[in-house]
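First to last, the sequence lines map onto chains A and B.
Residue numbers 482 to 595, in our numbering, belong to the letters of the first sequence in order.
Residue numbers 361 to 432, in our numbering, belong to the letters of the second sequence in order.
I should point out that these hints are in silico values taken from the structure, not numbers from a laboratory.
Being a predicted model, the structure only gives us computed values, none of them experimental.
C-beta atoms are modelled at their ideal positions from N, C-alpha and C, and glycine is treated no differently.
Treat the hints with caution; some may be incorrect.
[As the list claims (entries may be wrong)] Example chain A residues on the side facing chain B (calculated, C-beta under 7 Å, incomplete):
(1) M482
(2) A484
(3) V499
(4) T557
(5) C586
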Amino acid sequence: MQAYQADLAKLQASDTVVFGVSIDSPAANAAFAKQIGVTFPLLSDMNREVLVQYGILDSFDKYASQGVKAEWARRTTFVVDKQGLIQHIDEGRDAVNPNTAVTVCTTLDSKAKS
Amino acid sequence: MRRGLIFLAAWALAAGLAAAQKPVIAKTSLKVGQPAPDFTMLSDQWEPVKLSDYRGKKNVILAFYVLAFTPG
Numbered sequence: 482m483q484a485y486q487a488d489l490a491k492l493q494a495s496d497t498v499v500f501g502v503s504i505d506s507p508a509a510n511a512a513f514a515k516q517i518g519v520t521f522p523l524l525s526d527m528n529r530e531v532l533v534q535y536g537i538l539d540s541f542d543k544y545a546s547q548g549v550k551a552e553w554a555r556r557t558t559f560v561v562d563k564q565g566l567i568q569h570i571d572e573g574r575d576a577v578n579p580n581t582a583v584t585v586c587t588t589l590d591s592k593a594k595s
Numbered sequence: 361m362r363r364g365l366i367f368l369a370a371w372a373l374a375a376g377l378a379a380a381q382k383p384v385i386a387k388t389s390l391k392v393g394q395p396a397p398d399f400t401m402l403s404d405q406w407e408p409v410k411l412s413d414y415r416g417k418k419n420v421i422l423a424f425y426v427l428a429f430t431p432g
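Bound-form chain A, shown alone (with noise of 0.2 Å):
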């Protein structure tokens, strides 16, 4: 999240805005954000709706019999652009590094204003 935030300015320059989503609750969220030092809005999945939306939700199930389990969200990056239409999407360890989605933004603002 901090890579992202490094790149926000250059991000809001190209007309786009970030926003960190996973399971935690908003109080989990504004402590993190805090701890990071990050300013862009983390958003609150707790009922996982979106990311099976998003087809990302990964689970720990070892002890699925036994009646426990945990979830959480593959780390993914999706860049959606003006009209709604998903441009980009880095899976993994490549979410981790901002570079391509930054690069994406800034060709989609530049193609807009020209």
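Since the structure of chain A is already known, use the hints to place chain B on it.
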């Protein structure tokens, strides 16, 4: 024979249970060019954020992270 049947029944039951408990992990089916599913979620400031509010206004980066307080 009878023991075999019992074994078979136990195996079928176990297999059925295992299938029922298989986690539902949706595969990433979204592709570039498709509409991003709309959502409304609460921000860390307890404000609703609706994706479609940004349509026609801003590009949006959705950075899904594993869990708060984890690195990456």
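For each hint, the structure was consulted:
1. The interface hint given for M482/A is met, as the beta carbon of that residue sits about 6 Å from the closest beta carbon of chain B, less than 7 Å.
2. Given the 7 Å rule on beta carbons, the hint for A484/A is violated: about 9 Å separates it from the nearest Cβ of chain B.
3. Satisfaction of the interface hint for V499/A is found here, the shortest Cβ-Cβ separation to chain B being roughly 5 Å, below the 7 Å cut-off.
4. Hint status for T557/A: holds, given a least beta-carbon distance of 5 Å to chain B, under 7 Å.
5. Interface hint status for C586/A: upheld, as the beta-carbon distance to the closest one in chain B is roughly 5 Å, under 7 Å.
In summary, the one numbered hint that this structure violates is 2.
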